[in-house]
Amino acid sequence: MDEIKLEKLYSQMARMRSFELAASDLWQRGMISGELHLGTGEEAVVAGVVAHLVEGDAMALDHRSTPPLVARGADIKLLASELLGWQDGICRGRGGHMHLFVPDLLSASSGIVGSSGPLGVGFALAASRLRPGKVAVCFFGEGAMNQGMMLESLNLAVSWKLPLVFVCKDNGWAITTRSKDVTSGRLERRARAFGMPSWRVNGLRADKVWEASRRAISRARAGGGPAFILARCTHLDGHFLGDPLLRVLEDPVGQMREIGEPLIKSVASEGATWKEKVAGLGSIGKTISVVALERRLRKLDPLEVTGKLLGDKALELRAEAESEIEAEVAKALKGREGL
Amino acid sequence: MDEIKLEKLYSQMARMRSFELAASDLWQRGMISGELHLGTGEEAVVAGVVAHLVEGDAMALDHRSTPPLVARGADIKLLASELLGWQDGICRGRGGHMHLFVPDLLSASSGIVGSSGPLGVGFALAASRLRPGKVAVCFFGEGAMNQGMMLESLNLAVSWKLPLVFVCKDNGWAITTRSKDVTSGRLERRARAFGMPSWRVNGLRADKVWEASRRAISRARAGGGPAFILARCTHLDGHFLGDPLLRVLEDPVGQMREIGEPLIKSVASEGATWKEKVAGLGSIGKTISVVALERRLRKLDPLEVTGKLLGDKALELRAEAESEIEAEVAKALKGREGL
Amino acid sequence: MRMTFSQAIEEAIAYAMAQDERVIVFGEDVHLLRMNLLARFGPQRVMNTPISESAFLGAAVGAAMAGLRPIVEVMLVDFIGVCLDALLNQAAKVEAFSGGRWRVPMVVRASCGGGYGDAGQHEQCLWGLLAGIPGLAVVVPSNPADACGLMLASILNNSPVVFLEHKLLSDYWLLYLGSGGRKNVSFDVPSDGAEGEVPLPLSAVPIGSAKVRRAGKDIAIITLGVSVHRALEAAEKLWGRGIEAEVIDLRSVSPLDSEAILSAAAKTRRVLVVDEDYLGFGLSGEVAAIISSSGIQSSFARIGPLQAIPYARHLEDEVLPGADDIFRAAFDLIQR
Amino acid sequence: MRMTFSQAIEEAIAYAMAQDERVIVFGEDVHLLRMNLLARFGPQRVMNTPISESAFLGAAVGAAMAGLRPIVEVMLVDFIGVCLDALLNQAAKVEAFSGGRWRVPMVVRASCGGGYGDAGQHEQCLWGLLAGIPGLAVVVPSNPADACGLMLASILNNSPVVFLEHKLLSDYWLLYLGSGGRKNVSFDVPSDGAEGEVPLPLSAVPIGSAKVRRAGKDIAIITLGVSVHRALEAAEKLWGRGIEAEVIDLRSVSPLDSEAILSAAAKTRRVLVVDEDYLGFGLSGEVAAIISSSGIQSSFARIGPLQAIPYARHLEDEVLPGADDIFRAAFDLIQR
Ligand SMILES: Cc1ncc(C[n+]2csc(CCOP(=O)(O)OP(=O)(O)O)c2C)c(N)n1
Ligand SMILES: Cc1ncc(C[n+]2csc(CCOP(=O)(O)OP(=O)(O)O)c2C)c(N)n1
Ligand SMILES: [Mg+2]
Ligand SMILES: [Mg+2]
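Protein chains in written order, with the working numbering: chain A, 1 to 339; chain B, 1001 to 1339; chain C, 2001 to 2336; chain D, 3001 to 3336.
A hint or two may mislead.
[Stated by the list, open to error] The calculated lysine-lysine pairs, modelled on DSSO-like cross-linking and capped at a C-alpha distance of 30 Å, are: (1) Lys-3183/D / Lys-77/A; (2) Lys-3183/D / Lys-334/A; (3) Lys-2267/C / Lys-3267/D; (4) Lys-1331/B / Lys-2183/C; (5) Lys-1265/B / Lys-2183/C; (6) Lys-161/A / Lys-1275/B; (7) Lys-180/A / Lys-1161/B; (8) Lys-275/A / Lys-286/A; (9) Lys-2183/C / Lys-1077/B; (10) Lys-1313/B / Lys-1331/B.
These are calculated hints, taken from the structure and not from any lab test.
One chain only, chain A, in its complex shape (with noise of 0.2 Å):
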């Protein structure tokens, strides 16, 4: 790949992560409601699939939908006014943060974990009927890949041919569950075994999701139908803001304290057998040590990780996104501030 396509890239990441953390720092300061799910770390995978995308495709979102809709191009300011419930905002402030409506650009999003293959498969339609050329595609976590629609999903595309992309951001997490605990089989297989072609790619580097997206989706808009993509990436903040893991992991003593006693309460009262309390208190425990330890000894930011390919144009790409960012959302806030 050439430098100036991966500074491209680069740059879209930087806006989306500058976004994102602007939005954690709204949520912390109490104006932003509800859970807000960031997509931080997803930065590679989204930018490298974004990046080929034009006028009249669509893209159907899952509940960190933010990035994608700043990598393709939305209204910031209008994006941050929606997320602080504003009646200015992109959806008047009716859909908040997990749903993110822009008509423009043919995307939405749902918190209804799958839906947006479903949501996928219909604006590949329309492609097909309305648009020929154009594609759609659609974005979800490894854990929607066991949530039946989603697998329908994965059928349909490929029974009716569509230009469609499947692109599966594997965390490896559904919210506190490590997903191959409930998974079975690897997941490019089983996008295979519905008949499409697969890939699976590093998620943390743009470029080697660009080169897949860049096979899948011209394939989709030659008329080949649909594919998957399966990109490893990590969320640099847990599930959501506050995730109770995090929490844990942040402040181990005073959580424990909270924890700790109804617990082991629990383990002696009478119960199962010694063996299987064990088994449970396993369970919980290993589940904090594996996020521990996935947090200590990994560097999955795929800011650093495809920004070291550029070297110092990295830092002065991600500068400028940032002080774009800020100022869109500057003027969201703008003579609001007191709200």
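Please build the complex by placing chains B, C and D with the ligands on the supplied structure of chain A, with the hints as guidance.
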């Protein structure tokens, strides 16, 4: 397989067939209401699987639930009474042929395509907790392999490592739709992609099915987890009694007159391009001609195919089964013929 | 022009498809169920689906958002349980969530209703459940003219509409699921419902407007679908007893025509709701609430199934509201 | 003993699990959400699931039929759309279809309700929709004592029960989905609902029995869940205006306690239903129908959401019934 075993299998097949034919007769006489989905043509599959079940094993059934129940030893008179909608039916006339429930045999059916998957998972879960060494099987058609809950069940069963055997009776059709036209990939690979062993067998040969099920079921019994059996078979009586496709074949002139005129009018009206119209007509014609072809060219009666292995003995067994079943059905009818 | 109920629906769809290329049809077995549309509009606009209701109903939402106007078929409304999310959390919420900026012009076509012995997993109505979802319209025609007019209105509507087609009125469904071609079984098919005059040129029947099928001053029977015909039969019998019953055909469950309901209640002071859907938490309650909230004093009764529809024909008949049941309930209410 | 709402539920489950080995728990993330149960009863009885609601809810039906007594968790009741079939056509119909010969002792536990800014795909109540399915019981406790007693009753019940746990009452849900540990956000949590006395020894609260929370003669406010507390607040204000409001906590949506409803209506002659679920085709209609059918003359009003719950906190507050809305509606009804 030794002769005695095969005779037993064949005998069960003959019992199932006799019951289906008796039901068909009652239906033709107007004594059974609604849709009646016969299992004629599935007998070898059902016999081969059910032969391995013992007390405490469970069966989750679909809309063709009478053959497995007959093979499993359900009371024929009570079954017949249920189909007739009588108060002394096995469900007091409230369930009918798509909703047969036999608690003693841990067997239940449902008319919602795909629902035998989750039900089977639940049966197997209960077995693993309450009746170690016992198993569950679920029966369903290949069309059900596109229903989300069935796909989810494949994953869940493996993930929980349950003693469950999935039995897919692949007759190639879902009502009037050729399954291969709407199904991507190959089903045995699909199951394998969910991490379980999967066998493809000739569903016309009870011995072959028996062999595959033996492996699958004994593995499940031993705690090895779920397995998948794909058995190709056919439905001798179409999707249900009065199947419109079969009626067309049986009375092409009469039916075509009825269908033909509006069809010609449609084609003549303003609408798609001629190419599209020809494609549309083609797909209608193809469906009908494929059904016709399938019926003419292939001898797919499992009673013949499996029976051939037994020579004249088959005739004898068949006659025995027939008289047993007919006597039981007659008991159900006794004194009520006029009702 | 005289048409059967199912012809009337097909006519409306064919008309809309000829007018507007964006109208497409998909669902299970539509290549034969909608053979005539397929022959006329080709396989790009009439598409078979696998048995994947969640995926294809959800796909209809996406397709409608992206410019098509899909008519998506869920064979029997009973099957909506496997795919309700596409309506509950997607189709019905896009307009609300997007602040009115994005709409979902789709029609869900499904058959409903019992009376032919297929038991409670295939004979439900579920219009109460569906009407309880804000953002969805639900229509239930009782005759060919309305079937045509409401289908047309549904296709032209810019928000999702569930169009329910009663199996006792649709000849081909009854042939498929009921008789299977047998001559020795019979069903209580309301002939004015199954066949009738459809005004030409085709025109839309507004969604949300009820129709007085018979005027009367003593009691208003408020109902819809097949029960309209049962109610008319009962009204005739009541007439014999000197009771003038008004029969209101709601035609739409959601939105409900409150005006029609209130004027009937104000006029007769006695309202009987006849529902073929489950009685509890559904249509009859909503009618009661509308009347009670209005302050109009009116006595009230309702009949309909309280349980799953049993298989045996005679048990089913006990559960589904028939003309006799209506007659009796109306008579009781008047005596009260 | 004083307990939080969520402790009270856990206490009931732990008690039942200790009593009866057949009681098991499964759902998404239960290995942490139900950590204490897992530590006590082990991973054979507290099991994590994939995000496959159709499969595991359906599996609960099978497991219950084959001898277990599952408590299956659907995190948020909003997600029921992806798996309704397991309730609509399986759990709720087995007893009916089997002629009463087979029953399904299962509990579906799900959180519900809004008031913390998560928008309309995560804040629904849907008890009206669920109660409309014959064969399902639906309970909605408003305080720890009832939460414990109704959970116990649900587990002991031999038919399926949906147990709905309001997120404003359950500390951990609110921590998860609302505050995320932030100190600078606040929610209108009814303190008597979130924490309170639970009588020992634990005992079941009968399903289908309502409770008078405050007696009054001028108007009956019939409600449930969080709205009970809003209604009590409103009743206090009404008292200031010389109006004695009775507040009825239904506790169960299905079966409804018609007796309690009718005696309140007969006593006060004015009924206000306050619902946090969608207003149309739901609980308020059912209450209206019960009263209207009884012949008791009573004026009637109802308040509740007419649309999807919007995201912005202030818009959400407009849509959800608060104490002021109740006060105003009650006052209007009395003036009428
Ligand atoms: C149908 C449904 N079930 C459960 C949930 C609750 N939920 C929200 S996000 C989530 C985990 C999703 O995991 P994954 O698909 O891997 O995405 P990730 O959050 O890891 O990006 C769950 C279970 C939901 N929103 N919808
Ligand atoms: C969820 C659902 N969708 C659709 C139907 C209607 N239906 C009944 S049987 C059937 C075909 C099933 O095909 P398959 O699974 O191959 O079984 P077969 O009838 O061939 O034995 C369909 C679509 C249904 N009963 N349930
Ligand atoms: Mg994940
Ligand atoms: Mg088949």
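Here is what the structure says about each hint:
This hinted pair checks out: Lys-3183/D and Lys-77/A have alpha carbons roughly 27 Å apart, not beyond 30 Å. As the CA atoms of Lys-3183/D and Lys-334/A are separated by approximately 24 Å, the hinted pair is consistent with the 30 Å bound. Distance check on the hinted pair: Lys-2267/C and Lys-3267/D sit about 29 Å apart at the alpha-carbon level, within 30 Å; holds. Restraint check: the Cα-Cα separation between Lys-1331/B and Lys-2183/C comes to about 26 Å, which is no more than 30 Å; the hinted pair holds.
Between Lys-1265/B and Lys-2183/C the alpha-carbon distance is near 29 Å, which keeps this suggested pair within the 30 Å criterion. For the hint linking Lys-161/A to Lys-1275/B, the alpha-carbon distance of about 19 Å falls within 30 Å, and the restraint holds. Taking the CA atoms of Lys-180/A and Lys-1161/B, the gap is near 14 Å; set against the 30 Å cutoff, the hint holds. Distance check on the hinted pair: Lys-275/A and Lys-286/A sit about 16 Å apart at the alpha-carbon level, within 30 Å; holds.
The straight-line distance between the Cα atoms of Lys-2183/C and Lys-1077/B is roughly 27 Å, inside the 30 Å bound, and the hint therefore holds. Between the alpha carbons of Lys-1313/B and Lys-1331/B the distance comes to roughly 28 Å, so the proposed pair stays at or under 30 Å and holds.
Of the numbered hints listed earlier, not one is contradicted by the structure.
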